[in-house]
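Engineer: In case you want the letters, here they are:
Number of protein chains: 2
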Amino acid sequence: MLFSEKEYKKRVEKTKKRMQEKGIDVMMSSHPANMNYLTGYDGWSFYVHQCVLVSLDQEEPVWIGRNMDANAAKVTTYLKPDNIRNYADDYVHSPIGKHPVDFIADVIEEKGWGNKNIGLEMDQFYFTHKTYQILNKRFPNASFIDADLLVAMVRQIKSDPEIEMMKKAGKIAENVMQTGIDQLEVGKRECDVAAEISKAQISGTDKIGGDYPAIVPLMPAGDGIDAPHLTWSERKYKKNEPVILELSGCYNRYHAPIARTVYLGEPPKRMQEITNFVVEGLEETLDFIKPGVTCEAVEEKWRKSIAKGNLVDASRLGYSFGLNYPPDWGEQTASMRPHDKTVLKKNMTFHLIPIIWQDEIGFEMSSAIRITEDGCEELYNFPHKLFSK
Amino acid sequence: MLFSEKEYKKRVEKTKKRMQEKGIDVMMSSHPANMNYLTGYDGWSFYVHQCVLVSLDQEEPVWIGRNMDANAAKVTTYLKPDNIRNYADDYVHSPIGKHPVDFIADVIEEKGWGNKNIGLEMDQFYFTHKTYQILNKRFPNASFIDADLLVAMVRQIKSDPEIEMMKKAGKIAENVMQTGIDQLEVGKRECDVAAEISKAQISGTDKIGGDYPAIVPLMPAGDGIDAPHLTWSERKYKKNEPVILELSGCYNRYHAPIARTVYLGEPPKRMQEITNFVVEGLEETLDFIKPGVTCEAVEEKWRKSIAKGNLVDASRLGYSFGLNYPPDWGEQTASMRPHDKTVLKKNMTFHLIPIIWQDEIGFEMSSAIRITEDGCEELYNFPHKLFSK
Numbered sequence: 001m002l003f004s005e006k007e008y009k010k011r012v013e014k015t016k017k018r019m020q021e022k023g024i025d026v027m028m029s030s031h032p033a034n035m036n037y038l039t040g041y042d043g044w045s046f047y048v049h050q051c052v053l054v055s056l057d058q059e060e061p062v063w064i065g066r067n068m069d070a071n072a073a074k075v076t077t078y079l080k081p082d083n084i085r086n087y088a089d090d091y092v093h094s095p096i097g098k099h100p101v102d103f104i105a106d107v108i109e110e111k112g113w114g115n116k117n118i119g120l121e122m123d124q125f126y127f128t129h130k131t132y133q134i135l136n137k138r139f140p141n142a143s144f145i146d147a148d149l150l151v152a153m154v155r156q157i158k159s160d161p162e163i164e165m166m167k168k169a170g171k172i173a174e175n176v177m178q179t180g181i182d183q184l185e186v187g188k189r190e191c192d193v194a195a196e197i198s199k200a201q202i203s204g205t206d207k208i209g210g211d212y213p214a215i216v217p218l219m220p221a222g223d224g225i226d227a228p229h230l231t232w233s234e235r236k237y238k239k240n241e242p243v244i245l246e247l248s249g250c251y252n253r254y255h256a257p258i259a260r261t262v263y264l265g266e267p268p269k270r271m272q273e274i275t276n277f278v279v280e281g282l283e284e285t286l287d288f289i290k291p292g293v294t295c296e297a298v299e300e301k302w303r304k305s306i307a308k309g310n311l312v313d314a315s316r317l318g319y320s321f322g323l324n325y326p327p328d329w330g331e332q333t334a335s336m337r338p339h340d341k342t343v344l345k346k347n348m349t350f351h352l353i354p355i356i357w358q359d360e361i362g363f364e365m366s367s368a369i370r371i372t373e374d375g376c377e378e379l380y381n382f383p384h385k386l387f388s389k
Numbered sequence: 001m002l003f004s005e006k007e008y009k010k011r012v013e014k015t016k017k018r019m020q021e022k023g024i025d026v027m028m029s030s031h032p033a034n035m036n037y038l039t040g041y042d043g044w045s046f047y048v049h050q051c052v053l054v055s056l057d058q059e060e061p062v063w064i065g066r067n068m069d070a071n072a073a074k075v076t077t078y079l080k081p082d083n084i085r086n087y088a089d090d091y092v093h094s095p096i097g098k099h100p101v102d103f104i105a106d107v108i109e110e111k112g113w114g115n116k117n118i119g120l121e122m123d124q125f126y127f128t129h130k131t132y133q134i135l136n137k138r139f140p141n142a143s144f145i146d147a148d149l150l151v152a153m154v155r156q157i158k159s160d161p162e163i164e165m166m167k168k169a170g171k172i173a174e175n176v177m178q179t180g181i182d183q184l185e186v187g188k189r190e191c192d193v194a195a196e197i198s199k200a201q202i203s204g205t206d207k208i209g210g211d212y213p214a215i216v217p218l219m220p221a222g223d224g225i226d227a228p229h230l231t232w233s234e235r236k237y238k239k240n241e242p243v244i245l246e247l248s249g250c251y252n253r254y255h256a257p258i259a260r261t262v263y264l265g266e267p268p269k270r271m272q273e274i275t276n277f278v279v280e281g282l283e284e285t286l287d288f289i290k291p292g293v294t295c296e297a298v299e300e301k302w303r304k305s306i307a308k309g310n311l312v313d314a315s316r317l318g319y320s321f322g323l324n325y326p327p328d329w330g331e332q333t334a335s336m337r338p339h340d341k342t343v344l345k346k347n348m349t350f351h352l353i354p355i356i357w358q359d360e361i362g363f364e365m366s367s368a369i370r371i372t373e374d375g376c377e378e379l380y381n382f383p384h385k386l387f388s389k
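Line by line, the protein sequences are chains A and B.
Position 380 of the first sequence, counting from 1, maps to 380 under this note's numbering, and the rest follow consecutively.
Position 58 of the second sequence, counting from 1, maps to 58 under this note's numbering, and the rest follow consecutively.
No wet-lab data here; the hints were simulated from the structure.
Hints are supplied without guarantee of correctness; some may be wrong.
[Said to hold, decoys possible] List of simulated lysine-lysine pairs, BS3-like, C-alpha gap at most 25 Å:
| id | chain 1 | residue 1 | chain 2 | residue 2 |
| --- | --- | --- | --- | --- |
| 1 | A | K171 | B | K188 |
| 2 | B | K290 | A | K345 |
| 3 | B | K188 | A | K130 |
[Said to hold, decoys possible] What follows is a set of in silico ranges between Cβ atoms, one per label pair, in the way DEER data are often shown:
| id | chain 1 | residue 1 | chain 2 | residue 2 | range |
| --- | --- | --- | --- | --- | --- |
| 4 | B | D359 | A | G375 | 32 to 38 Å |
| 5 | B | N240 | A | G375 | 31 to 37 Å |
| 6 | B | G292 | A | S4 | 57 to 63 Å |
| 7 | A | E234 | B | G187 | 57 to 63 Å |
Predicted, not measured: the structure shown is a model, and the values here were computed from it.
We put the CB at the ideal spot given by N, CA and C, even for glycine.
Make a model of the complete structure from these sequences and hints.
Structural biologist: Printed below as a string of structure tokens:
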């Protein structure tokens, strides 16, 4: 177990408080980050249906998953054996119409929760429409309430032990980005650079073993610089092309994302100019951030700063992140952009990722931060600049 | 583009044929593997809502995604510019109630598809209940039909060019498994071995650049040998412990999964005995496999063979696999197990993965195969044995 039992219990208490506020008696969470957050469960088993049930009338959550994954639940969670329930292998992609959610429904029924107000994560991947259909049919007397992002909102403010995890991820991130920059070379295949980056992510440092980030290395380059989610290919890097590295360190599922831009040659003058405005804008914005400020105010600060250089950032400036699994390290809660009125609080964590595509130039440079008592701090120490080689 | 336009068009035709059989006029697919299969689209953008729409009354599918991903769609798909549609960034995790599926619904309406029979992938991750709610509210005159696994069933039989991709993935897999075995060492951290494996996966070979497999290296060891989906940690390998390596080669999203067991020391006698029965059982089963045989018959052959050694395999023997994205390289269609009456056909591909946990011993050894004209062939060449060092 990575955290104390007390820490997990606090998380469950906070979740129950939010459930009460929303009139939810029992909630089902299939989001792997929520399952981990509430119980400690960790395993690459989220390609089958599984969940955690949290009920106001029971202290501990109940973990439900495939039989072969119950062993991992025993190892990684603090739950009593009674609260680890598993379905037989013939429920998995069954040819005879068995469905894992039937088993989950059996547990709900057995616990007497079938006529309660049941919270469901209506817009989470890993919670399918079929899951809803099965529960809806099985429990005609239940009320189903949208509990989307309910646990994510609890996750948004990290505990001090979680911040420690993220700072370790930050140490890995420094090493990962340096590896990426060192490895980039004209004539080398993209896949060979991605391979070295992945090795650095997973190996970590001598003292801090790495974990797999929730997103693979993203490294748009050359003509594809404006396609930020393309992954690598066998293509070889060419002279005089820009490469964006959007990477992360990860430690025990906690992230520290980092992006930098590298130019393979002498960077065009306009690119250096853009960089200077972005660095200035980012640093002014970091100085501005502190508890009590809203996300939309942070974005406004940034927007006005880069306007000095006639730059426009077409996407959100940043987003809340932390503990997560593929496909995303973001938490899908607060974003730094217009209309987001989230008030910053101590121990929230954001990835600020300026992205500029302008005058045929693509540039990214990011900062993963924690909100402190009176400002913010970066989770890693890595120069704010355009790299060239 | 990885395949010819003709190849993509054939896939769309086959999909439309299945749609007609099910009375579906238009179908929406958000499964990243289906999106790739039908259009070529490739990118790590599946953490936001996106889809492909296939309609009987339009030749090409329509790709719909986030604005910053439309550039990747232009690069990776064969679609005409009109058929690449994108929503603005403020639809992503919106604080003002905008939802990407509203935009998808706009396209459906514009095309005149809102009162048709619309196929939806009801039990696919990446298709949420909320998506259903929005479409259902918006189109009261539509009929929604479950199209779960419809495209996956088309994907199940590979074309010859797809088999070529998988054989290249098989070449990478040989290298990946050899790297894993070479790297395992008493006293080394699990994360350092995982890092070298990942590097081998992504780098590939000199001639074949690697891609990220849909599942990270799974390598249960020692006391955790019975928790197959636990990932690595900072723990160091100890003398006299077994390690299972469940890995894959991946080439352009096509997989070749491979599992082997390694013993760090002199293997216990019972472990070698179990291995011998598993090798014999697997090889008898491979000899038995050919077009016309059913999945359940294959499993029965396997079950009866290992019964000679009093062994029981509690989970399904194998499953269909191929092109895929996280969280799974499996296709969720056919499995080799009781009651699965799928008839094997040429160019189906299966991962046979015997898993034995018995007498306190955990053992896995797998084979990724293609069904040929009159039998089957492995996608790689790697010894069927227990490794020790």
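Engineer: All hints are to be evaluated individually against the structure, with a verdict given for each.
Structural biologist: Each hint tested on the structure:
1. A/K171 to B/K188: holds, 21 Å
2. B/K290 to A/K345: Violated, because 63 Å separates the two Cα atoms, which is more than 25 Å.
3. B/K188 to A/K130: violated, 44 Å
4. B/D359 to A/G375: 32 to 38 Å: violated, 60 Å
5. B/N240 to A/G375: 31 to 37 Å: Between B/N240 and A/G375, where Cβ atoms are some 53 Å apart, the hint is violated.
6. B/G292 to A/S4: 57 to 63 Å: Roughly 58 Å apart at Cβ, these two residues keep to the hinted range, so it holds.
7. A/E234 to B/G187: 57 to 63 Å: Check failed, 36 Å falls outside 57 to 63 Å.
Checked against the numbered hints listed earlier, the structure breaks hints 2, 3, 4, 5 and 7; every other hint is satisfied.
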